[in-house]
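Undergrad: Those protein sequence lines, which keep their order, are chains A and B. Residue numbers for the first sequence follow full-length UniProt numbering, beginning at 1 and rising by one. Residue numbers for the second sequence follow full-length UniProt numbering, beginning at 1 and rising by one.
Hints were generated in silico from the structure; no laboratory data involved. You may find that some hints are simply not true.
[Stated by the list, open to error] Simulated crosslink set (BS3-like; lysine-lysine; CA at most 27 Å straight-line):
1. A:LYS86 to B:LYS72
2. A:LYS25 to B:LYS129
3. B:LYS114 to A:LYS25
4. A:LYS25 to B:LYS120
5. B:LYS114 to A:LYS129
[To be verified] Away from chain B, derived, C-beta distances all over 10 Å, residues of chain A:
6. ASP23
7. LYS25
8. VAL38
9. TYR82
10. LYS86
11. LYS91
12. SER93
13. GLY119
14. LYS126
15. LYS129
Where is the CB? At the ideal position from N, CA and C, for every residue including glycine.
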Amino acid sequence: MARRVSCGSEELHVLAVDDSNVDRKVIERLLRISSCKVTAVDSGSRALQYLGLDGEKNSVGFDGLKVNLIMTDYSMPGMTGYELLKKIKQKSSALREIPVVIMSSEKILARIDRCLEEGAEEFLMKPVKLSDVKRLKSFILRGEGDEHGEKQTQKRKLEDDPLSASSPLSSSASSLSGNLSPSPPPSPSSTLQPLSKRTRL
Amino acid sequence: MEVGQLQRKFVDYTASLFCEGFLDEQFTQLQQLQDESNPDFVVEVVSLFFEDTEKLLNDLTRALDQQSVDFKKVDAHVHQLKGSSSSIGAQRVRNACIAFRNFCEEQNTDACSKCLLQVKQEYSLVKNKLDTLFRLEQQIVEAGGAVPMVG
Numbered sequence: 001m002a003r004r005v006s007c008g009s010e011e012l013h014v015l016a017v018d019d020s021n022v023d024r025k026v027i028e029r030l031l032r033i034s035s036c037k038v039t040a041v042d043s044g045s046r047a048l049q050y051l052g053l054d055g056e057k058n059s060v061g062f063d064g065l066k067v068n069l070i071m072t073d074y075s076m077p078g079m080t081g082y083e084l085l086k087k088i089k090q091k092s093s094a095l096r097e098i099p100v101v102i103m104s105s106e107k108i109l110a111r112i113d114r115c116l117e118e119g120a121e122e123f124l125m126k127p128v129k130l131s132d133v134k135r136l137k138s139f140i141l142r143g144e145g146d147e148h149g150e151k152q153t154q155k156r157k158l159e160d161d162p163l164s165a166s167s168p169l170s171s172s173a174s175s176l177s178g179n180l181s182p183s184p185p186p187s188p189s190s191t192l193q194p195l196s197k198r199t200r201l
Numbered sequence: 001m002e003v004g005q006l007q008r009k010f011v012d013y014t015a016s017l018f019c020e021g022f023l024d025e026q027f028t029q030l031q032q033l034q035d036e037s038n039p040d041f042v043v044e045v046v047s048l049f050f051e052d053t054e055k056l057l058n059d060l061t062r063a064l065d066q067q068s069v070d071f072k073k074v075d076a077h078v079h080q081l082k083g084s085s086s087s088i089g090a091q092r093v094r095n096a097c098i099a100f101r102n103f104c105e106e107q108n109t110d111a112c113s114k115c116l117l118q119v120k121q122e123y124s125l126v127k128n129k130l131d132t133l134f135r136l137e138q139q140i141v142e143a144g145g146a147v148p149m150v151g
């Protein structure tokens, strides 16, 4: 079973979305300490701008760096994290394969279910811990290796046992390469491929 | 005061803040994110918290002062404050916010005003404590010592 080399030298690039100055600073630090590249924005609309999903041909701020993971707060003025999630996961969205994680300080089951149903990878309780980020990172990176197509049967949520490994995801049937938003040039070295959509229950 | 004494004072003071419930585990998490490459991380995050809180407290005072109180708005502000206090481990502020939100739900202006007072008091207390803590840290560094890791 050959593991793709991509996760070796490549750093994860995470787009963090949170309207709280304090939380943005903390998540940024958590990610940097975990050797991730971080772009932090303070709203859903700025996130869409950055991703090139806002409809503008030449999005301000899009710097060509491919995003491997989006972590967004749920409760934000204007556009909630849930609304942002929906926009990213739209069928027509070029970036719907990017895993999205929702963060919230409120443990509302209906909210959690809604987010997972809409395609969120995970729902993290705030305050987010270093162990959450480390687990998330290895989970995202691991989605790369398995070629035997083990299907993910259950999405993780809440405070799972941090030691429990998630089952590897099946490799992606459709790749993103043709569908990236207009402006940026593709990264020179092979970057992480997006995770495949998991079987929805 | 020589370095050893300052360090002991720092350790004792930090421990008391946890004992008395001013700070919780989340503060320790933040301290663990600090290192030589980011030596001021905790001070920076806490400073952001101070800035944000002062603005929120002003907004809350104004909102509760209105003829017709917009409880949705008040609740939104308290929710924000609850979040940020939780993120830095300011436990007593966070707990005061939880009580506050309950009264927002009841749309009880009087009770909310009392809660706001309570939140202001808790904030003032923890701000004082943290300022003292950071000052101690500074003294240690200036005296040529290393700041002990507590907890």
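Undergrad: Are the hints correct? Go through all of them and say.
TA: Here's how the hints hold up against the structure:
Under the criterion of a C-alpha separation no larger than 27 Å, the hint pairing LYS86 (chain A) with LYS72 (chain B) is consistent with the structure, at around 25 Å. The suggested pairing of LYS25 (chain A) with LYS129 (chain B) holds, with an alpha-carbon distance near 22 Å, which does not exceed 27 Å. Only pairs whose Cα atoms come within 27 Å are accepted, and LYS114 (chain B) paired with LYS25 (chain A) is rejected, the gap being roughly 31 Å. Distance restraint check for LYS25 (chain A) and LYS120 (chain B): the Cα-Cα separation of roughly 24 Å lies within the 27 Å cut-off, and the hinted pair is therefore satisfied.
Restraint check for LYS114 (chain B) and LYS129 (chain A): not satisfied, since their Cα atoms lie roughly 33 Å apart, outside the 27 Å limit. Against chain B, the non-interface label of ASP23 (chain A) is violated: not every CB pair exceeds 10 Å, the least being about 5 Å. With a cut of 10 Å on Cβ distances, LYS25 (chain A) falls inside the contact zone with chain B, its closest approach being about 5 Å. With a cut of 10 Å on Cβ distances, VAL38 (chain A) stays outside the contact zone with chain B, its closest approach being about 13 Å.
A cut-off of 10 Å between C-beta atoms confirms that TYR82 (chain A) is not in contact with chain B; the least separation is 16 Å. Every CB of chain B lies more than 10 Å from the CB of LYS86 (chain A), the least distance being 22 Å, so the non-interface label holds. Against the 10 Å criterion, LYS91 (chain A) stays outside the reach of chain B, whose nearest CB is about 33 Å from its own CB. The claim that SER93 (chain A) lies off the interface holds: its Cβ sits roughly 29 Å from the closest Cβ of chain B, which is beyond the 10 Å cut-off.
With a cut of 10 Å on Cβ distances, GLY119 (chain A) stays outside the contact zone with chain B, its closest approach being about 25 Å. Look at LYS126 (chain A): its CB is around 7 Å from the nearest CB on chain B, not clear of 10 Å, so calling it non-interface is violated. For LYS129 (chain A), the non-interface assignment is contradicted: its Cβ lies about 6 Å from the closest Cβ of chain B, within the 10 Å cut-off.
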